[in-house]
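Undergrad: Position chain B relative to chain A; hints supplied.
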Amino acid sequence: MTRPHGPAEAGHYVSADATSLPRRKARPSVRARVAATLLGFGALAVATCVLAPLVGTTPISFAAAFSRSIPFDQNVDAQIFFVARLPRVLAGALVGSALASAGVVFQALLRNPLATPFTLGVSAGASLGAMLVIMLGGAIALGPFSTVPAASLAGAGLAAAMVYWLATRQERAMSTSVLLLAGVTLNAFFSALIMFVQYLADFAQVYRAARWIMGDLDVGGYDSLTASLPLIVSSFALFALLPSSLNLLSLGADAAAARGVDVGRAQRIAFLSASLATSAAVSLAGPIGFVGIVVPHLVRLLVGVDHRIVLPASALFGAAFLVACDLAARTLLAPIEIPVGVVTAMIGGPFFLWLLVRKG
Amino acid sequence: MSLTANRVSYTYRRRTTRDSICAVRNVDVRVPRGSLTGLIGPNGCGKTTLLKLLAGVVRPDAGSVALDGVALDSQSRRQVARRIAVVPQETHPVFDYTVLEMTLMGRHPHLGPFELEGPADLAIAHEALAATGTAHLSDRSYMTLSGGEKQRVVIASALTQSPEVLLLDEPTASLDLGHQLDVASLLQRLNLERSVTMVMATHDLNLAASLCDTLVLMREGRVLASGHTPEVLTSAMVRQLYDVEADVRPHELAGHLTVVPVGRRP
Chain A
1 MTRPHGPAEA GHYVSADATS LPRRKARPSV RARVAATLLG FGALAVATCV
51 LAPLVGTTPI SFAAAFSRSI PFDQNVDAQI FFVARLPRVL AGALVGSALA
101 SAGVVFQALL RNPLATPFTL GVSAGASLGA MLVIMLGGAI ALGPFSTVPA
151 ASLAGAGLAA AMVYWLATRQ ERAMSTSVLL LAGVTLNAFF SALIMFVQYL
201 ADFAQVYRAA RWIMGDLDVG GYDSLTASLP LIVSSFALFA LLPSSLNLLS
251 LGADAAAARG VDVGRAQRIA FLSASLATSA AVSLAGPIGF VGIVVPHLVR
301 LLVGVDHRIV LPASALFGAA FLVACDLAAR TLLAPIEIPV GVVTAMIGGP
351 FFLWLLVRKG
Chain B
1 MSLTANRVSY TYRRRTTRDS ICAVRNVDVR VPRGSLTGLI GPNGCGKTTL
51 LKLLAGVVRP DAGSVALDGV ALDSQSRRQV ARRIAVVPQE THPVFDYTVL
101 EMTLMGRHPH LGPFELEGPA DLAIAHEALA ATGTAHLSDR SYMTLSGGEK
151 QRVVIASALT QSPEVLLLDE PTASLDLGHQ LDVASLLQRL NLERSVTMVM
201 ATHDLNLAAS LCDTLVLMRE GRVLASGHTP EVLTSAMVRQ LYDVEADVRP
251 HELAGHLTVV PVGRRP
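Heads up: the sequence lines are chains A and B, in that order.
For the first sequence, my numbering assigns the number 1 to the initial residue and increments by one for each residue that follows.
For the second sequence, my numbering assigns the number 1 to the initial residue and increments by one for each residue that follows.
Calculated from the structure, these hints are not laboratory results.
These numbers come from a predicted model, not from an experiment.
Here a beta-carbon is modelled for each residue, glycine too, at the ideal position from N, C-alpha and C.
Heads up, a few of these hints could be off.
For the chain B half of the interface with chain A, some residues (derived, Cβ under 7 Å), not all of them [to be verified]:
id, residue
1, 86
2, 105
3, 116
Simulated coverage check for chain A against chain B, where a stretch passes if three residues somewhere in it have a Cβ under 8 Å from a Cβ of chain B [what the hints assert, rightly or not]:
id, stretch
4, 37-47
5, 93-105
6, 223-233
For reference, chain A alone in the conformation it holds in the complex (with noise of 0.2 Å):
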């Protein structure tokens, strides 16, 4: 297709700066970059899935770990990539895809790009929920869940609901304006209950409920992974309905209602999944910071920031990112393990205070 460029009809101003400002280089169609996208993104995620079990303390063998040869209770190698390894990480890819995944639907509900998966205080509430049991000692269950996450599952959904419920009272629609700031709130009310918690509670509590905080992808074996599958499964049935409503959401409301998008049912759709993605990561791994803000800004650094791109590729590369730090936690110090929200932390920290500088 041939396009006019320059001063295309008469009567029209160019503005002098047209040609001296940067201008990009045109884009193949939405549908190609989307299918590149899905192809490269996924092909990194698998390949980090697959690598990331081979490196440990202890050397693996690929070709031993898949051979048929060897019957499964004899092969050392595939016992620890398939029961050792693989289970976490497993783990890091579901928490970092669906950490990864609601950052960017937060972003676009919130009409703001430094929002995270954990500003509404879904985080802290299942902290909350967590420093609870752990103090209480009780032993509680919510259906295939173990005891801390389950309180932390429970936390994480009063809060969610605290926050939903505030802002949509009194409103034809939810207000995002109120959403961020009854969470925010939310956030600094839950974390002082945390506090107090823990002045309450002894030594050895205060050192688990620390440990559960700075996250954790050592889920020791498949079961609590299939007890979070069918939660973040869910979750992202609900994402796959969401990126071209998300790049009109982020316009405002009014401007997305003038182009068919059906706002409160978009809002809560996008609220209801992004909360359920998050609340699910958490009970798995605790609150791993970071991931949620970090991998949507690089990912927009890399294929531009139309949604229906951005998404499924935060999906992809979020577990890619996730797998990958967690490598590094449990390999650059070994046998001494570093916790992987440490680890996300300080690659997330620098980078987003550069992105910062470099937006202002």
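TA: Relative to the frame of chain A, chain B by itself:
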């Protein structure tokens, strides 16, 4: 075809205080096919709210808005947006979209839930960019454009919706004289050549006099008068609307009425 508002009212409820602000009361408006209707009145008289009601973006508390006799409330947002497009006063995207991306968002109501735009949609977007004189900007970042360029890109995005009705909220506010003329002649061209029906809220009475065949005069949420431009744009009406004494007379060169404010009404 016509877009009609039948006795519509809309009230903004305040969260902090118990009082409420009635923005539009019992308003009747009829916009016939192909007309270019101007919506004029002082600040806060309900112009923007009436535009939102006509677009179906907000639902009236009472009364109804209908397109071709079918109430907007009974249609989905998507169905309405295929026929009615809106150019808001300002559009602030929080992410750094390109001009082409902004324009293509107009195709949203025409695409299925999982459908990505194809070559036909792209052709419509490029045509809209060409029609608004912004084709050379298509790969630029929207955020880096000047005010006049942004306004024309937003109009292009609305045209990409292939609407029958275009609702514009102060399309020339904050534009310099040259860009005001550009946008005005663009709107006139779209109205004549594509027979896009338009409703335009504006404070610029001379622009309204030059473009609009029909005027709706609003004050304090009510319609004060409406009718053909030469009949309702009089110094008596301007006095009633704005409490301003104005000299209203035809201009020889421009060929339309001009309004020169002389002073506040004593």
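Undergrad: A separate judgement is required for each hint: does it hold in the structure or not?
TA: Checked hints:
1. 86: 4 Å, holds
2. 105: 6 Å, holds
3. 116: 5 Å, holds
4. 37-47: Contact hint for the stretch 37-47 of chain A vs chain B: violated, 0 residues under 8 Å.
5. 93-105: violated (count 0)
6. 223-233: violated (count 0)
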